[in-house]
Amino acid sequence: MYWLPNPNLYKPWLRNKIREGRGIGQGPPYTGWFNVRDFPSRGNSHVYRGIKIDRLFQLCSDLEAIRFLQLERDHAVSDIREGFPIFDIDWTMDACVMLHIRHSCEDGFPSPFTLDFVVTRRTKDEPPEVAESIKTPVDATKEDVKLRLSVESNWCRKRAKIPYVLIDTAPYLKTPYSTKELLSALEFMRAWFLERYEPDLQRELRFERAFSTAYEKIRPSRS
Numbered sequence: 001m002y003w004l005p006n007p008n009l010y011k012p013w014l015r016n017k018i019r020e021g022r023g024i025g026q027g028p029p030y031t032g033w034f035n036v037r038d039f040p041s042r043g044n045s046h047v048y049r050g051i052k053i054d055r056l057f058q059l060c061s062d063l064e065a066i067r068f069l070q071l072e073r074d075h076a077v078s079d080i081r082e083g084f085p086i087f088d089i090d091w092t093m094d095a096c097v098m099l100h101i102r103h104s105c106e107d108g109f110p111s112p113f114t115l116d117f118v119v120t121r122r123t124k125d126e127p128p129e130v131a132e133s134i135k136t137p138v139d140a141t142k143e144d145v146k147l148r149l150s151v152e153s154n155w156c157r158k159r160a161k162i163p164y165v166l167i168d169t170a171p172y173l174k175t176p177y178s179t180k181e182l183l184s185a186l187e188f189m190r191a192w193f194l195e196r197y198e199p200d201l202q203r204e205l206r207f208e209r210a211f212s213t214a215y216e217k218i219r220p221s222r223s
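Counting from 1, one number per residue, gives the positions in the sequence shown under our numbering.
Note that these hints are calculated values from the structure, not bench results. A quick note: this is a predicted structure, and the numbers were derived from the prediction, not measured. Warning: the hint list may mix true and false statements.
Claimed, not checked - The calculated DMTMM-like cross-link candidates involving lysine to aspartate or glutamate, where the alpha carbons are at most 20 angstroms apart (straight line), are:
#1 K142 <-> D168
#2 K180 <-> E72
#3 K52 <-> D74
#4 K161 <-> D79
#5 K146 <-> E126
#6 K52 <-> E187
#7 K17 <-> E72
#8 K180 <-> D139
#9 K174 <-> E187
#10 K11 <-> D125
#11 K161 <-> D94
#12 K17 <-> D107
#13 K161 <-> E126
#14 K124 <-> D74
Unchecked claim - Estimated spans, in silico, between C-beta atoms of each pair:
#15 W91 <-> L201: 51 to 57 angstroms
#16 R55 <-> W192: 19 to 25 angstroms
#17 K124 <-> D90: 32 to 38 angstroms
Just so you know, even glycine gets a beta-carbon here, dropped at the ideal spot from N, CA and C.
From just these sequences and the hints, can you work out the full model?
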């Protein structure tokens, strides 16, 4: 599942961001609908250079960052798209009317609902793509939040035909450590993966020949 890059396919007020590549495509060229500069007052946003997908990932909360670091360590995961926009504006507006909730707007125009993550996996036992939402346990019980999540989940199941999961973030909060400490530990572990040794047979053979040649020159002769 991905949106085509032609801006003319979408609402006129969305086209400037789409021309910037926001929310379009998949893999390394993908860019989320939001970036951390869109929320300058938030002190818990994070930007990571991806390991398995070589691009910048923009996460708007500590909980999103924790989930991202978990996904990145999952060997079955082949793509992670954060801040995935739902450009099906007419559908989400109709859904909001039916639920008696206000559609989000920006500069007077309806703005897309966004999925926190769309995750692609290489697996035969699970669907290849799953949408994920990240909320605190408290927020997940609020009536207005549940209604908005129902718009996202119904769109995923009825329109995109992919599963939708509300991630249980309680384990992130019920550890012996604070959320910041848990995130710091995951970032520290990530550094091991970033600096992992990658075998290179040709490089190793060149080193062995160079070392042997140099050693022969200085090895003392036997009488």
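Status of the hints after comparison with the structure:
1. The straight-line distance between the Cα atoms of K142 and D168 is roughly 15 angstroms, inside the 20 angstroms bound, and the hint therefore holds.
2. With a CA separation close to 18 angstroms, the supplied pair K180 and E72 stays within the 20 angstroms bound.
3. Using a Cα cut-off of 20 angstroms, the hinted pair K52 and D74 holds, with the two alpha carbons roughly 10 angstroms apart.
4. A distance of roughly 18 angstroms separates the Cα atoms of K161 and D79; the hinted pair therefore holds under the 20 angstroms criterion.
5. Our distance criterion of 20 angstroms between C-alpha atoms is broken by K146 and E126, whose separation comes to about 25 angstroms.
6. With a CA separation close to 15 angstroms, the supplied pair K52 and E187 stays within the 20 angstroms bound.
7. For the suggested pair K17 and E72, the alpha carbons sit about 27 angstroms apart, so the restraint of at most 20 angstroms is broken.
8. Taking the CA atoms of K180 and D139, the gap is about 19 angstroms. The hint holds against a cut of 20 angstroms.
9. Under the criterion of a C-alpha separation no larger than 20 angstroms, the hint pairing K174 with E187 is consistent with the structure, at around 19 angstroms.
10. As the CA atoms of K11 and D125 are separated by approximately 37 angstroms, the hinted pair breaks the 20 angstroms bound.
11. The suggested pairing of K161 with D94 holds, with an alpha-carbon distance near 18 angstroms, which does not exceed 20 angstroms.
12. Between K17 and D107, the direct Cα distance comes to roughly 14 angstroms. Compliance with the 20 angstroms bound is thereby established for this hinted pair.
13. Proposed proximity of K161 and E126 is supported: the alpha carbons are some 14 angstroms apart, at most 20 angstroms.
14. Straight-line distance between C-alpha atoms of K124 and D74 comes to about 15 angstroms, which keeps the hinted pair within the 20 angstroms bound.
15. Taking 51 to 57 angstroms as the suggested C-beta distance range, the pair W91 and L201 conforms, at roughly 53 angstroms.
16. The hint said 19 to 25 angstroms for the Cβ distance between R55 and W192, and at roughly 21 angstroms that hint holds.
17. Taking 32 to 38 angstroms as the suggested C-beta distance range, the pair K124 and D90 conforms, at roughly 36 angstroms.
Consistency with the previously given hints fails for numbers 5, 7 and 10, ordered from lowest to highest.
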